[in-house]
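Protein chains in written order, with the numbering used here: chain A, 1 to 185; chain B, 1 to 159; chain C, 1 to 369; chain D, 1 to 167; chain E, 1 to 375.
Honestly, the hints are just simulated from the structure, not real lab data.
Possibly wrong hints are sitting among the right ones.
Said to hold, decoys possible - Each computed PhoX-like pair below joins lysine-lysine, with the alpha-carbon atoms no more than 25 Å apart: (1) E:184 - D:77; (2) B:74 - A:173; (3) E:330 - B:74; (4) A:143 - B:133; (5) B:74 - E:349; (6) D:11 - D:78; (7) D:44 - E:216; (8) B:13 - C:334; (9) C:94 - B:21; (10) E:42 - D:82; (11) D:78 - E:216; (12) B:13 - E:141; (13) D:82 - E:141; (14) E:216 - B:13; (15) E:299 - B:148; (16) E:296 - D:78; (17) B:28 - E:305; (18) E:42 - B:28; (19) E:188 - D:82; (20) A:106 - B:133; (21) E:330 - D:87; (22) E:212 - D:78; (23) B:13 - A:143; (24) E:216 - D:77; (25) B:21 - E:89; (26) E:302 - B:74; (27) A:171 - B:46; (28) E:349 - D:118; (29) B:28 - C:334; (30) A:171 - B:21; (31) D:77 - E:188; (32) E:184 - E:141; (33) D:82 - E:185; (34) B:28 - E:185.
Claimed, not checked - These stretches of chain E come out as covered by chain D in the derived footprint (C-beta under 8 Å, 3 or more residues): (35) 36-50; (36) 102-110; (37) 214-227; (38) 327-337.
Backbone N, C-alpha and C define an ideal beta-carbon position, used for all residues, glycine too.
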Amino acid sequence: MEKRDHIETREEYRTKENEVQEWSAYQKLSDNVLFTSLDKILNLGRANSLWYLLFGTACCAIELMQTGGPRADLDRFGSVFRPTPRQCDLIIIAGTVTLKMASRIKILYDQMPEPKYVISMGSCANCGGLFDLGYSVLRGIDKVIPVDVYVPGCPPRPEALTEGLLVLQQKVKNEKFLVKEKKSI
Amino acid sequence: MREDIIQYFRNIKYAVTSVPKGMMVTLKNMFREPTTIQYPDRIPQKIEDTLPLNYRGHLEVEKEICTGCLLCEKFCPIDCIRIDVHKEETGRVLHSFKIDMAKCMYCGLCVPPCPTDAIRFTRKFEGSTYDIKSLLFEFIDTPTPVYKPNRDKDKKEEA
Amino acid sequence: MNNIAITLHNFIIENFGIDINLSLAISYFLIALIFWSFLGVIGGLLTFLERRVAGRIQSRIGPNRVGPQGIFQMLADGIKLVLKEDLIPALADKPLFRMAPYLCVIGVFSALVVIPFSSDIVVADLNVGVLYALAITTMVVMGILMGSWASNNKWSLLGGLRSAAQIVSYEIPAALSVLSIVLITGSLSMQDIIRAQGAWPHQWFFFHNPGTFVAFFIFFTSALAENNRVPFDIPEAESELVAGYNTEYSGMRFSFFFLAEFANVFIISSLAVIFFFGGWQIPHFLISENHIITNIIMIANFLFKTFVFIFIVLWLRWTLPRLRVDQLMTMCWKYLIPISFICLCITASFVLFFGGKSMIAVFIGRITQ
Amino acid sequence: METLHTRLQEKFPNAQVTFANLEAGDHYIIVDTAHLHSIISYLKIDEHYTILMCLSGAEDSEFLQSVYHLFSESSRKKVTLKVRLPKDNPEVETIGDLWPGAYFFEREAYDLFGIIYKNHPDLRRIMLPEDWIGHPLRKNYIDPIQYQDINNERAYPCDVPNVTEKK
Amino acid sequence: MYELEKNNDNTMTLNMGPHHPSTHGVLRFILEMDGEIILSVKPDVGYLHRSIEKIGERVTYPAFMPYTDRVDYVAAANCNVGYALAVEKLMGIETPERAQYLRVIVSELNRIISHLLMTGVLAMDLGAYTPFLHAVREREKINDIFEILCGARLTYNLATIGGMPFDIKETTIRKCLEILEGLKKFLKEFDDLVTNNAIFISRLANIGVIDKETAKAFMLSGPNLRAAGAHWDLRKNETYFLYDRFKFDIAVGSGKAGTLGDSYDRFSVRMKEIETSISILEQAFKSLPSGEVQAKLPKTLKPPKGEVYVRTESARGELGYYIISDGTAKASRIKIRTGSFAAISILDKIGRGLMLSDLVAFMASLDLIAPEIDR
């Protein structure tokens, strides 16, 4: 979909390490028992409901389908696919990203509401992989959008992607969500 | 006209009969055991152990038997293997053996040429990480002299 | 004791002795709160149920990690949706965009007012209950159309237009098939319709005569279509229109649409039960002296029947492909509406010749003569 | 195929039709650029080579080539036709009017080799974005490291500094 | 069916893709619409152009094998063996009989899972998600077989030039036959659920009718051509890999639901081909000869100067490799002619006058796969 004209571009991408240092004052706040326990509950909710975008670029898309399929069943962890980026928390970059496609993926990423996560699935999305030799392939999706979890494999088998999701869930659970909200005020 | 009317009722009949048929199939499936393998925790056996022996998972290098012949590096079309061999007084010494698992395409072109099976596939497939740099596998921690298969064979014969 | 709001009102006046108007307001507010949160829970539960049923049909499991058997999955989804950023597209019509999901929810939830859960528990037993239920659920189409227009997205717009055409068309066969029931009972009140039926299958309007028998299927089909469920989910057809009218909605607003859809499943199933399957009617030997116990049994009976129909809705959802727009219209205007007229005629003739007695009663009467 | 070659020579005396015999694989016929369209339509209509199997661009040392693989269903024979085009002005007549499906193959050859097909209704880039520079399958093409605002250099750790001792 | 009037004032331009749930990857169509009716379709491909043909010139002949996997990842084995056949023909290598049998086995297994995916996805595009997951369930079982054979699930890299790198064991054959038995049962169930469903038929019948002449003019091949009524199967008409030793019928469209060459025919041809493949596999397992699986080759492959165009019947039609060798270890040009690329050009001609929902069904019935189009 081309929805260039109505995108609210958010310049500030998550810069993970800097944030923690800058807002150390809020960290003390977050040590508060109430905050931490509330954070825990909220994060548990968020982590167990990571809806991913129905979107695959190449070979890994087939494994992504099969991960959603009966054998691996991502739905067990509360992950279902949604066709539109507006309702997604997670975009799984499944496969090769060409230079022509890169800007489209950035648009898709921009269309997703915060908080949003990115899993880079497979060698091609990680760093260009075997198409490193070509001229038209982006060497790593992290050149365009920030990546949270890298899943190795070419393509990763469904269990490997499931593990990637679990690793991401762990990351979501350890985030300090309420404090982040404070920051924007 | 008459055919149209017949068609009209045939359509109704077909819709009424075919829809329940499909519904019976889904109902049957509902009472079958789900085929889901509940990775990672609710399974009787680790997935790794259920995979066939020739599964192409992550690569592994046994540094003790690496001859430093660089064949695997040569056969890899995308240069994801980097071997560092130095010539020292005692002979050739392996200083580093890096495999970039983030870039590797798991094609298996590097494994057959190896004369000693030092580089081989494991059945590991898990390796999700927050940091792509951790997918650069280094197999040599301390400089290791390369393995010389011929001399070893001679020794065996003597014994 | 027709109206629990009045009961509550009396209770408040007796115990707290406050102004009549105020206590009426309080009691209605409380009732509204209880029923709305009930429907919210039902809606959430249905999302979970749908995923589990779908899972089993597709030989997988479905959500099973949050809580025992994943029962708290809906809570996790709820938390997440509330915490999501509320995106409004830059070129959207903002007031309409904000309003649309609420309109949808209001349309669906207001229908609950006339749904009798037992002989006593009904918010308001309107004498035009049937009309009200059919009319107020149509408000959903306003919400959908509004949201789709306001999104400023072509896919949404297509979805909204499809939805408008669909819901308005299918209103006709639904109303016509319910008309057969009204013809028999001579009343538009839900309670009267239920009271005209009995606890046993042969007393249900479903088996009343061939007209009502077919009318049920027409009603159910058109109710499904009004609810945008498969095989009539063309307004949000995933593979065609991305996500249809809710393409641009995110977070809380999307969850309202979502909740409205699932609440609507409950509403249509309960309407089917009320009109054709005897509603809360329980056999005589289960009616005890204690009002509360009787009511609880009635509610359980009603909810059980409703959930059977909810299951059928979900089952259909995961079996059938969807129709095309023109096929949908063809089905409505060429098949459902003529057939529902025929049903109406059959029922009318039954009422005329047998005085509203059911087919089985007439049959038994003939035998015993 | 050689008989076909002689027939073609008889039919088109003005055209240069040469037969190339190689060490291995298929043989092919090199035809004149100006007569390509008439030769192919002759082959399709009179010789019943009704199937166009493949249309591709290629490059040898001096020329760009447009290669046509034709197939006859009735006689089960294949024929490979080639035209050689100068690198500075590679122009050849389109055969899309004979096989409409060829338009897309021609667009691909245009995109990747820069071969211009005359009378093509819609000769745009097909694989690469419109603002791409160069025709990548030519031998002297250098891969870009910058496209729009994306820096496409190899990133660490994929690019470990190469310190390998090689003999 | 519909009056088509090009009235520029009242049309809507709709952008479909590259992220659209029904475009199977990253295709993009610019649609000119009058309400729900499509006036023109402009395919915009290339979002997955991965420069495989250029890479073919940069790597040696054996090292290109993994790249052929990625040409068509749904039927990777077909691409593998096709490439191996092309290079063997260029070099004049004779492949051992058992290796040829193995190639037949892997290509037919792969054809089954490719067609399973296609039929499943077609059902999904029509709104039924369950048949898709059932198809995926059966796919998984055959994926397991591939895992046992070559160690990978999707991108197999299972052929070497001059043979096969693995041999098939007795236990694997038994397991394979078991799965094929299960598959037959599944196909019956699938017929009840999808093929004979009234809604499904009404969505596909008479939609996107391609007649034989148009199909040939647009260079269609494989199942899409056969659905138009052409008795054309490279396995039979241009025998390779000892396909002449097996008895099987060419599945041809019959037009039983509507017109010959409509979407339903393309669907049912694929369903029939699954059955054909099962029977070929059963014959192959019965008559598998013993012997070597790898021909003797020089250490570095340097084909002589020359060129070759070899085509095989892949799951999506004719898969042709056009290899020009200049006598070195690297090819001078590798062109891959695929079925989907030819099929995409017909969308505009047939797509005009369809409704949006029909276009989705039509596209799914053509079985387009993005990497095959873009390579």
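Checked hints:
Distance hint between residue 184 of chain E and residue 77 of chain D is unfulfilled; the C-alpha atoms sit about 38 Å from each other, more than 25 Å. This hinted pair does not check out: residue 74 of chain B and residue 173 of chain A have alpha carbons roughly 44 Å apart, beyond 25 Å. Only pairs whose Cα atoms come within 25 Å are accepted, and residue 330 of chain E paired with residue 74 of chain B is accepted, the gap being roughly 15 Å. With a C-alpha separation of about 15 Å, the suggested pair residue 143 of chain A and residue 133 of chain B falls inside the 25 Å cut-off, and the hint holds.
Between residue 74 of chain B and residue 349 of chain E, the direct Cα distance comes to roughly 49 Å. Violation of the 25 Å bound is thereby established for this hinted pair. A distance of roughly 19 Å separates the Cα atoms of residue 11 of chain D and residue 78 of chain D; the hinted pair therefore holds under the 25 Å criterion. The suggested pairing of residue 44 of chain D with residue 216 of chain E holds, with an alpha-carbon distance near 12 Å, which does not exceed 25 Å. Only pairs whose Cα atoms come within 25 Å are accepted, and residue 13 of chain B paired with residue 334 of chain C is accepted, the gap being roughly 15 Å.
Straight-line distance between C-alpha atoms of residue 94 of chain C and residue 21 of chain B comes to about 47 Å, which puts the hinted pair past the 25 Å bound. Straight-line distance between C-alpha atoms of residue 42 of chain E and residue 82 of chain D comes to about 30 Å, which puts the hinted pair past the 25 Å bound. With a CA separation close to 16 Å, the supplied pair residue 78 of chain D and residue 216 of chain E stays within the 25 Å bound. The straight-line distance between the Cα atoms of residue 13 of chain B and residue 141 of chain E is roughly 37 Å, outside the 25 Å bound, and the hint therefore fails.
Note on residue 82 of chain D and residue 141 of chain E: the hinted pairing is violated, with a Cα-Cα distance of about 46 Å set against a maximum of 25 Å. For the given pair, residue 216 of chain E sits about 38 Å from residue 13 of chain B by alpha-carbon distance, which is inconsistent with the 25 Å threshold. Of the pairs offered as hints, the one joining residue 299 of chain E and residue 148 of chain B holds, with about 23 Å between alpha carbons and a cut-off of 25 Å not exceeded. The straight-line distance between the Cα atoms of residue 296 of chain E and residue 78 of chain D is roughly 30 Å, outside the 25 Å bound, and the hint therefore fails.
Restraint check for residue 28 of chain B and residue 305 of chain E: the C-alpha separation of about 61 Å exceeds 25 Å, so the hint is violated. A distance of roughly 43 Å separates the Cα atoms of residue 42 of chain E and residue 28 of chain B; the hinted pair therefore is violated under the 25 Å criterion. Among the hinted pairs, residue 188 of chain E with residue 82 of chain D is inconsistent with the structure: their alpha-carbon atoms are about 50 Å apart, more than 25 Å. The hinted pair formed by residue 106 of chain A and residue 133 of chain B meets the criterion: a straight-line CA distance of about 23 Å does not exceed 25 Å.
Between residue 330 of chain E and residue 87 of chain D the CA atoms are separated by roughly 23 Å; this keeps the pair inside 25 Å, and the hint holds. Restraint check for residue 212 of chain E and residue 78 of chain D: satisfied, since their Cα atoms lie roughly 21 Å apart, inside the 25 Å limit. For the hint pairing residue 13 of chain B with residue 143 of chain A, the CA-to-CA distance comes to about 58 Å; that exceeds 25 Å, so the pair is violated. Of the pairs offered as hints, the one joining residue 216 of chain E and residue 77 of chain D holds, with about 16 Å between alpha carbons and a cut-off of 25 Å not exceeded.
Pair hint residue 21 of chain B plus residue 89 of chain E does not hold up; C-alpha atoms about 51 Å apart against a cutoff of 25 Å. The hinted pair formed by residue 302 of chain E and residue 74 of chain B meets the criterion: a straight-line CA distance of about 17 Å does not exceed 25 Å. Distance restraint check for residue 171 of chain A and residue 46 of chain B: the Cα-Cα separation of roughly 24 Å lies within the 25 Å cut-off, and the hinted pair is therefore satisfied. Among the hinted pairs, residue 349 of chain E with residue 118 of chain D is consistent with the structure: their alpha-carbon atoms are about 22 Å apart, no more than 25 Å.
Of the supplied pair hints, the one linking residue 28 of chain B and residue 334 of chain C is violated, its CA atoms being roughly 33 Å apart against a limit of 25 Å. Taking the CA atoms of residue 171 of chain A and residue 21 of chain B, the gap is about 46 Å. The hint is violated against a cut of 25 Å. A distance of roughly 41 Å separates the Cα atoms of residue 77 of chain D and residue 188 of chain E; the hinted pair therefore is violated under the 25 Å criterion. For the hint pairing residue 184 of chain E with residue 141 of chain E, the CA-to-CA distance comes to about 13 Å; that is within 25 Å, so the pair holds.
At most 25 Å may separate the alpha-carbon atoms for a hinted pair to count; residue 82 of chain D and residue 185 of chain E exceed this at roughly 51 Å. This hinted pair checks out: residue 28 of chain B and residue 185 of chain E have alpha carbons roughly 13 Å apart, not beyond 25 Å. Chain D is given as covering the region 36-50 of chain E, and this holds because 3 residues of the stretch bring a CB closer than 8 Å to a CB of that chain, at least three being needed. With a threshold of 8 Å between beta carbons, the proposed coverage of the region 102-110 of chain E by chain D is violated, since 0 of its residues qualify and at least three are required.
A stretch counts as covered by a chain when three or more of its residues have a beta carbon under 8 Å from one of that chain; for the region 214-227 of chain E and chain D the count is 5, and the coverage holds. With 4 residues having a beta carbon nearer than 8 Å to a beta carbon of chain D, the region 327-337 of chain E meets the requirement of three or more and the stated coverage holds.
The structure does not agree with the numbered hints 1, 2, 5, 9, 10, 12, 13, 14, 16, 17, 18, 19, 23, 25, 29, 30, 31, 33 and 36 stated previously, though it agrees with the rest.
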